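Once you've looked at the hints, dock chain B with the ligands against the given chain A.
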Amino acid sequence: MIKLSKIDKYYDSRFQRTFILKGINLEVNQGDFLTIMGPSGAGKSTLLNIIGLLDEPSAGEYYFWDEPAHQIREKQKVQYHRTHIGFIFQAFHLIDELNVYENIETPLIYRGVKGKERKALVADFLDRFNIVAKKDLFPSQLSGGQQQLVAIARAIIGSPKLLLADEPTGNLHSEQGEMIMKLLKKLNDEGMTIIQVTHNEKFAQYGNRIIRIEDGLVRSDAMNIALQAEV
Amino acid sequence: MPMFLKSIKIIFRELFNNKVINGINIFGLAIGIAAILFISQYIRFENSYDSFLKNKESIYRLVLNRHYTTGLDQSVGNNYMAGQLANDNIPEIESFLRCKKSTQFIKVEDEIFKEERVFYADSSFFDLFSYPVVSGFKPEFLRAPNVAVITESLARKYFGNENPVGKTIHCVNPGSTPIYIQGVVKDVPSNSHLKFDMVISLESQIGPSYCYTCNNTNTYFLLREGSDAEEVSEKITGVAMDFFESEGYKLDFKIDFQLQKLTDIHLRSHYRFEHEANGNYKYQLALLIVALFILMSAWLNYSNIFKSLIKKKIKSLGIRKINGASWRSFALDFILETLIIGLISLGLAFLLLTLLFPELKSYLNLGYSSDTILDPQVILFSFLVIAGISICIGTFMSLQFLKTIPLQLIQRKGSVTRGKRPRNFVLIVQFSIAVFLIVCTFMAIKQIHFMQESALTMNIDQVLTLKRPVDKNYNSNQREFEQSLKNIPGVLETSYSTVTPGEKNGWVKGGIAIKGSDQLSDQFFQSSVSPGFFNFFGVKLLAGRLFFPDETNWEGGTKQIILNKQAALALDASNYDELLGKILVDNDDQNEMGEVIGVVDGYFQNSLDQEVPPTIFNPDQFGYFIFIKFKGKSPVELVSQVKDQYNDFFKDNYFEYFFLEDYFNKQYQTHVQFNRCFILFSLMAIAISVLSLLGVVTMSMVERIKEIGIRKVNGAKISEILLLLNKDFMKGVVAAVLIATPIAWFAMNKWLANFAFKTELSWWVFVLAGLVALWVALLTVSWQSWQAATKNPVEALRYE
Ligand SMILES: Nc1ncnc2c1ncn2[C@@H]1O[C@H](COP(=O)(O)OP(=O)(O)OP(=O)(O)O)[C@@H](O)[C@H]1O
Ligand SMILES: [Mg+2]
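These protein sequence lines map, in sequence, to chains A and B. Numbering-wise, the working numbering puts 22 at position 24 of the first sequence, and it's gapless, one number per residue. One gets the working numbering by counting positions in the second sequence from 1 and adding 89 to each.
Chain A extracted, bound-state conformation (with noise of 0.2 Å):
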């Protein structure tokens, strides 16, 4: 469904060539939840960029849905966005000029979804993360935390074919952190693909696979040999 192979990127400064990753090859499949670790700096966020047709590669060739991710045409990317892909970003990106509600709209809208129907799920979202208190306070009022979860809640409001996770619990005390991870293991379960990306060993465990990227390199590829001897 997914998959990458020998994908560069690299930034050109004015005499040199700096590589961030460098001739990744990856498959991921349906239904899978990938775990991509590795230390800061490493291109962990540039490679979930890539995944998610945010960012093309420099060289190689990606395939989103079997489908060549360089001959997607802008319209199409348009309709993946709103019907395929959630995000979760490091850096949260709420938009700051709506409120908690309106932001966790916002993907309902653009996919179309009828008022009333919006409503009450994003009702069921703010119930289920614990922020009804906050519905109607901007960005820029919220804790990291807060902000974190909002972001959470818009990524998967619109349950996304697949998810990309970039660090979701960085910001979240340990205990909320687990409900989210349980969270997104019962959407993988009901058939969502997942991509995260987290520093947390304990957190990394929740995918059934773990990657772990070293300048720009695919280092190890494992299956969570823990997890599927728990199952």
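Derived by calculation from the structure, the hints in this document are not laboratory data. Just so we're clear, the structure is a prediction, and the values are computed from it rather than from any experiment. Note that the Cβ used here is the ideal one computed from N, Cα and C, for glycine as well. Among the hints, a few may not be true.
As a list, the in silico SDA-like pairs of lysine to any residue whose alpha-carbon atoms are at most 25 Å apart [said to hold, decoys possible]:
#, chain 1, residue 1, chain 2, residue 2
1, B, LYS402, A, GLN145
2, A, LYS132, B, ASN106
3, A, LYS75, B, ILE494
4, B, LYS492, A, LEU106
5, B, LYS108, A, LEU96
6, B, LYS108, A, LEU135
7, B, LYS404, B, SER415
8, A, LYS117, B, SER418
9, B, LYS404, A, ARG109
10, A, LYS114, B, ILE100
11, A, LYS112, B, LYS95
12, A, LYS75, B, LYS402
13, B, LYS404, A, GLN144
14, A, LYS114, B, SER418
15, B, LYS755, B, ALA375
16, B, LYS98, A, ASP94
17, B, LYS556, B, TYR757
18, A, LYS75, B, THR493
19, B, LYS95, A, LEU96
20, B, LYS401, A, GLU100
21, A, LYS132, B, ILE100
22, B, LYS401, B, THR484
23, A, LYS20, A, GLY39
24, A, LYS114, B, PHE93
25, B, LYS400, A, GLN139
26, B, LYS402, A, GLY143
27, B, LYS401, A, GLY143
Looking from chain A toward chain B, a few residues come up when the C-beta cut is under 8 Å (computed) [said to hold, decoys possible]:
#, residue
28, ASN47
29, ASP53
30, VAL76
31, HIS79
32, ARG80
33, HIS91
34, ILE93
35, GLU95
36, ILE107
Structure of chain B with the ligands alone, referenced to chain A:
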């Protein structure tokens, strides 16, 4: 809630969240829109002159060109013959009309009214000019002597609600002629070059003269369809030449005739014998350019703010895109936002204009009402323009976002400094415009002051002027009247002349020579003045002597004349003394005009924007205008005392008076109005510049608030921070002054070339304008930066 309602809700919320910036934006735009609306209305009105007349395309006015060696004299005053001759001999001419403007005293029952807009005209008047008739039988109009047609308001003034047709009124001069009223027409619209209240048949004037030098009648022609005006002009010249030849007239200079389009009269005609002071298309052009400048200034302000707001929003636009926002939804948002801001500004502009219209109308002496501004067509048009612009901006912006990779949108945040340069550029442009306009305003004020005060060597303040009846029988009364005036306390001196300063002198004579020389001069003006006239007005004597008290050039007088400097120069005198004792003769009939006894300088018949023409002064014992110099007395009291005397000596005559200085300065009306426009526009330009500066400062304070906080935490003093914050902006304003100065210098040089008497382009005007701009800018910036600099640093740091 439908999508666009939601968008509107969010747009308004954002407007409120950035109140200051958006307020500045909207207010600036409103001023710009108001300026352009106002000017375009003004220009539309000025260009609409006479456009309501049905025959406007085929009516022409006859212009007489006299080619002197010193230059061209153009006049729309023609003799009685010209029109008739042309009409009889040239097939392209369908009909013609002669008319003549005059001021009359009209007696209705026992009351006397002064009417300044009376025309004597041929019966073709209402055929050529399609003024709508209210009552009366039009085919009969003006076909007999002593009949008149009046306007509705005059009818109301004279007779209230009674039907005026068939009633009789009287022209006081000459000899209380009865005038029969034939009909009533609608009031003349204010955009007519020929504004009348009453038209009397031309036949009423006894003995229309056939002399070809008596050029005081306006002549109009109605040409047949398809005729070429140029060709007809040539034919008219030809016909006139043939006539002169057959009559044996000799001309000392070349003349020709020219046809002038009716619709050109208001804006492009400044000849002698105009009915009223016409507009000037050059001034309109200047105003239009200025209005465009102001609009540009407002637009720069808008785009500046727009850019900075967009920069803030780029991230959220990116996120929206990642969430699947389509190009269309972006476009809709952008269009709605631009449209909302545009419409609020437009509404505000209309509000400002209607609220200020009464002031503007009287301040700028506008001829139209506020209906012109609130014309639905205009409103619709401005709405469409704004909608069009919004759609363009919206489409353009959303296409921009379509092209960018969403990640770039989200990550672009860091590059704040990039926007600084264009912002300063905008400020410099705006302040340059403001400084330019301020310089223009100051210069215009200076020039007008120069003409009215410094260069006017003639003493005309504290002079009450009266008009006595023209009738010769009153001559003896005049002397006694003047005697009696001297008994009024506060009256210092009296004098008189046939034509008052400020009035156009119509007594022109060509072909004058020094006796014994065959060199003919060009056109000279003549006027009859009291012997004490030059002392009365403080006119300087350059050579010879002034008149003796009992001298006169009439009724067997001794014939002495005084020339002004210009006349002496026109006679090629190398020094003034050599002219003394010489005798001037009129080449037409070899009549001696008089012996030159003196040369004077510093008498101004007309405004100082024109050259002083060569003039010959004749001494006279009587004159129609009586001047009374007074001192230390209330003008109101003086007028009432003089009026009592007047009624004793000139029984049953209308007491007409004015203060000479006011009357003389009326000639500067167009300049004063133009100057007022400039003051208005300068204020607008300053307002926009200040708003823009305020906007830029506010935005940059928000960006730098963290920097300020950190500097303060590290021990910077408030004064140091103020200096830091103000420095950049002040540099911009100084640059603006440097840019505007040479441009303004150039423009003002050009403008001053229009005046015969010009003030200097002093350096201090530029310095003053620069100081005004700097001072305004400093005040604006300091107000904002003071707030930023005195903020509690913790608060500032928390701002992020
Ligand atoms: N626009 C850019 N220009 C130059 N270098 C960039 C750019 N964007 C990212 N990088 C570099 O790419 C490298 C990888 O960045 P990336 O955000 O993918 O790291 P990461 O693995 O997500 O790290 P972290 O765990 O800290 O989030 C970093 O060294 C970063 O400096
Ligand atoms: Mg990262």
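Quick rundown of the hints versus the structure:
Taking the CA atoms of B/LYS402 and A/GLN145, the gap is near 18 Å; set against the 25 Å cutoff, the hint holds. Restraint check: the Cα-Cα separation between A/LYS132 and B/ASN106 comes to about 19 Å, which is no more than 25 Å; the hinted pair holds. Distance restraint check for A/LYS75 and B/ILE494: the Cα-Cα separation of roughly 11 Å lies within the 25 Å cut-off, and the hinted pair is therefore satisfied. Between the alpha carbons of B/LYS492 and A/LEU106 the distance comes to roughly 24 Å, so the proposed pair stays at or under 25 Å and holds.
Restraint check for B/LYS108 and A/LEU96: satisfied, since their Cα atoms lie roughly 17 Å apart, inside the 25 Å limit. Of the pairs offered as hints, the one joining B/LYS108 and A/LEU135 holds, with about 19 Å between alpha carbons and a cut-off of 25 Å not exceeded. Straight-line distance between C-alpha atoms of B/LYS404 and B/SER415 comes to about 16 Å, which keeps the hinted pair within the 25 Å bound. At roughly 21 Å between alpha-carbon atoms, A/LYS117 and B/SER418 fall within 25 Å of each other, so this suggested pair holds.
A C-alpha spacing of about 21 Å is found between B/LYS404 and A/ARG109, which places the hinted pair at or below 25 Å, so the restraint holds. Proximity of A/LYS114 to B/ILE100 is assessed by CA-CA distance (about 23 Å); at most 25 Å being required, the pair is judged to hold. For the suggested pair A/LYS112 and B/LYS95, the alpha carbons sit about 14 Å apart, so the restraint of at most 25 Å is met. Of the pairs offered as hints, the one joining A/LYS75 and B/LYS402 holds, with about 22 Å between alpha carbons and a cut-off of 25 Å not exceeded.
Under the criterion of a C-alpha separation no larger than 25 Å, the hint pairing B/LYS404 with A/GLN144 is consistent with the structure, at around 20 Å. The suggested pairing of A/LYS114 with B/SER418 holds, with an alpha-carbon distance near 21 Å, which does not exceed 25 Å. Note on B/LYS755 and B/ALA375: the hinted pairing holds, with a Cα-Cα distance of about 22 Å set against a maximum of 25 Å. Pair hint B/LYS98 plus A/ASP94 holds up; C-alpha atoms about 15 Å apart against a cutoff of 25 Å.
Restraint check for B/LYS556 and B/TYR757: the C-alpha separation of about 22 Å stays at or below 25 Å, so the hint holds. A hinted pair counts as satisfied when its Cα atoms are at most 25 Å apart, and A/LYS75 with B/THR493 qualifies at roughly 13 Å. Taking the CA atoms of B/LYS95 and A/LEU96, the gap is about 11 Å. The hint holds against a cut of 25 Å. The suggested pairing of B/LYS401 with A/GLU100 holds, with an alpha-carbon distance near 19 Å, which does not exceed 25 Å.
Restraint check: the Cα-Cα separation between A/LYS132 and B/ILE100 comes to about 22 Å, which is no more than 25 Å; the hinted pair holds. For the proposed pair B/LYS401 and B/THR484, the alpha carbon gap of about 19 Å is at most 25 Å, so the pair holds. The suggested pairing of A/LYS20 with A/GLY39 holds, with an alpha-carbon distance near 14 Å, which does not exceed 25 Å. Taking the CA atoms of A/LYS114 and B/PHE93, the gap is near 17 Å; set against the 25 Å cutoff, the hint holds.
Taken as a hint, the B/LYS400 and A/GLN139 pair is honoured in the structure, with Cα atoms around 21 Å apart against an allowance of 25 Å. About 23 Å separates the Cα atoms of B/LYS402 and A/GLY143, which keeps this hinted pair within 25 Å; it holds. With a C-alpha separation of about 23 Å, the suggested pair B/LYS401 and A/GLY143 falls inside the 25 Å cut-off, and the hint holds. For the restraint placing A/ASN47 at the interface with chain B, the shortest Cβ-Cβ distance is roughly 6 Å, inside the 8 Å limit, so the hint holds.
Hint on A/ASP53 holds. Least Cβ distance to chain B is approximately 5 Å, under the 8 Å limit. A least Cβ separation of about 5 Å between A/VAL76 and chain B falls short of the 8 Å threshold, and the interface hint therefore holds. Interface restraint check for A/HIS79: the shortest CB-CB distance to chain B comes to about 4 Å, inside 8 Å, so the restraint holds. Taken as an interface hint, A/ARG80 checks out: its beta carbon lies about 3 Å from the nearest beta carbon of chain B, inside 8 Å.
This hint holds: A/HIS91 has a C-beta 5 Å from the nearest C-beta of chain B, less than the 8 Å allowed. For A/ILE93, the interface hint holds, the least distance from its beta-carbon to any beta-carbon of chain B being 4 Å, beneath 8 Å. The closest approach between the C-beta of A/GLU95 and any C-beta of chain B is roughly 6 Å, which is under the 8 Å cut-off, so the hint is satisfied. Taken as an interface hint, A/ILE107 checks out: its beta carbon lies about 7 Å from the nearest beta carbon of chain B, inside 8 Å.
Of the numbered hints given earlier, the model fails none.
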